[in-house]
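Asks: For the record, the sequence lines run as chains A and B.
Residues in the first sequence are numbered from 2 upward in steps of one, following my numbering.
Residues in the second sequence are numbered from 2 upward in steps of one, following my numbering.
No wet-lab data here; the hints were simulated from the structure.
Hints may contain errors.
As the list makes no split between identical chains, a pair holds if one copy fits it or if it spans any two.
The calculated lysine-lysine pairs, modelled on BS3-like cross-linking and capped at a C-alpha distance of 25 Å, are [unchecked claim]:
1) K18 x K45
2) K135 x K32
3) K161 x K112
4) K79 x K135
5) K161 x K32
6) K112 x K79
7) K161 x K141
2 protein chains.
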Amino acid sequence: MRRIKEKKTEVSNAVVKRLPRYYRYLTELIKQNKLRISSTELSKLMGVTASQIRQDLNCFGGFGQQGYGYNVTYLHGKISELLGTDEGYRAVIVGAGNLGRALASSRMFDKRGISCVALFDTDEKLIGTSFYGKPIYSIKALKEYCLENNVDIAVLTVPKDAAFEMASLLSQCVKGIWNFANTELNPEEFPVIVENIHIADSLMTLCYEIRNEHSEEEI
Amino acid sequence: MRRIKEKKTEVSNAVVKRLPRYYRYLTELIKQNKLRISSTELSKLMGVTASQIRQDLNCFGGFGQQGYGYNVTYLHGKISELLGTDEGYRAVIVGAGNLGRALASSRMFDKRGISCVALFDTDEKLIGTSFYGKPIYSIKALKEYCLENNVDIAVLTVPKDAAFEMASLLSQCVKGIWNFANTELNPEEFPVIVENIHIADSLMTLCYEIRNEHSEEEI
Numbered sequence: 002m003r004r005i006k007e008k009k010t011e012v013s014n015a016v017v018k019r020l021p022r023y024y025r026y027l028t029e030l031i032k033q034n035k036l037r038i039s040s041t042e043l044s045k046l047m048g049v050t051a052s053q054i055r056q057d058l059n060c061f062g063g064f065g066q067q068g069y070g071y072n073v074t075y076l077h078g079k080i081s082e083l084l085g086t087d088e089g090y091r092a093v094i095v096g097a098g099n100l101g102r103a104l105a106s107s108r109m110f111d112k113r114g115i116s117c118v119a120l121f122d123t124d125e126k127l128i129g130t131s132f133y134g135k136p137i138y139s140i141k142a143l144k145e146y147c148l149e150n151n152v153d154i155a156v157l158t159v160p161k162d163a164a165f166e167m168a169s170l171l172s173q174c175v176k177g178i179w180n181f182a183n184t185e186l187n188p189e190e191f192p193v194i195v196e197n198i199h200i201a202d203s204l205m206t207l208c209y210e211i212r213n214e215h216s217e218e219e220i
Numbered sequence: 002m003r004r005i006k007e008k009k010t011e012v013s014n015a016v017v018k019r020l021p022r023y024y025r026y027l028t029e030l031i032k033q034n035k036l037r038i039s040s041t042e043l044s045k046l047m048g049v050t051a052s053q054i055r056q057d058l059n060c061f062g063g064f065g066q067q068g069y070g071y072n073v074t075y076l077h078g079k080i081s082e083l084l085g086t087d088e089g090y091r092a093v094i095v096g097a098g099n100l101g102r103a104l105a106s107s108r109m110f111d112k113r114g115i116s117c118v119a120l121f122d123t124d125e126k127l128i129g130t131s132f133y134g135k136p137i138y139s140i141k142a143l144k145e146y147c148l149e150n151n152v153d154i155a156v157l158t159v160p161k162d163a164a165f166e167m168a169s170l171l172s173q174c175v176k177g178i179w180n181f182a183n184t185e186l187n188p189e190e191f192p193v194i195v196e197n198i199h200i201a202d203s204l205m206t207l208c209y210e211i212r213n214e215h216s217e218e219e220i
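Let the hints inform the model, and build the full structure from the sequences given.
Replies: In structure tokens, the structure reads:
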């Protein structure tokens, strides 16, 4: 128990944020039947330094061998494990609007070992129907459903104004909230894990780059 | 010209990535009629150190005054400008599937001064219809449309296998590609700005945190 606790505190947030990227590249390498890869090769592929790769993977006990590199399948397996893809997590989508439905129809969950089991909404026209084989239930049944069905993750796609109240409710019945509502939920205010995602931040970064590129040309 | 170029190279990628977050918080402060804020207050709100805030904003000429703090509206205006929200960018969505439609229906673009003007798809049933007031055209008309209508940004939501070819085409007619296709487009391979977004990376981070939290409890 002590060992895991120590390991957890050693790993910086920045490294954790990079793990999903390793996961994606290793998944691709497996598809290409690549058996092993050196930190140098992996660094070229991912556009980061080999030393960063070695440092990052060392945080988790370092799975490489000098002169051999990394065994792709083994490394992929270890990172999958760290990311909980073998935990059989169950997710629900709260809010069956355009975004909720887009997420429900994507293969993102399945591919990462997560079962997306149901959607919830307040719209009477949607309640009782299903989407991509997943039932849409009334939001009134959300808490009971999550507790009875051991739901781990709630994907929050409700309007901004409803986000806080809904997150408070979800804190009583899931382990983690993936927040797409266009507002920042302060993780410290909730007793469960909260991950905020702001899609538009990435759009703004693109706009910054376009503006910078073109303001040079035009002057 | 030289001055802009120098300014650009000084600003690290990490700072640029944080700008949209400043933008969001400042937008909220304006809504709350907050006129000025100290770096200490802003740091508490955003959960970063006051010194990081001062450093970040210094990169852009530092808009604060000792003893007064930052003028919220002025700072918001300056950051908006850096992020190109007053440039009147025009965007199209390539791929009118569930994700493309979710993006088309969101207010994300409008709120940031971007006009989302049309969607493009290969599905004959969709071509000629419209969605949230935006026409859906054949992908065959994409290049010509973008050139004729001065489109700046293409939002790519096509399937993974079509992403590279579509990005190559778009490189001839837009300034930037916002890539949602579940594959990493290497920005070096395209003559335009490419911003890859991987929504699922954030889901994986959430799973990592859930697993770590609960593996401690259970042992």
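Asks: Against this structure, judge whether each hint is valid.
Replies: Taking the hints in turn, this is what the structure says about them:
1. K18 x K45: So K18 and K45 pass the 25 Å test inside a copy (19 Å) and across (22 Å) alike.
2. K135 x K32: Close neither inside one copy (29 Å) nor across copies (38 Å); limit 25 Å.
3. K161 x K112: between (29 Å within a copy, 14 Å between copies)
4. K79 x K135: neither (31 Å within a copy, 45 Å between copies)
5. K161 x K32: between (40 Å within a copy, 14 Å between copies)
6. K112 x K79: Answer is within: at 16 Å inside a copy they meet the 25 Å cutoff, but 42 Å across does not.
7. K161 x K141: Within one copy only: 19 Å inside a chain, 37 Å across chains, cut-off 25 Å.
Hints 2, 4, counting from the list given before, are not met by this structure.
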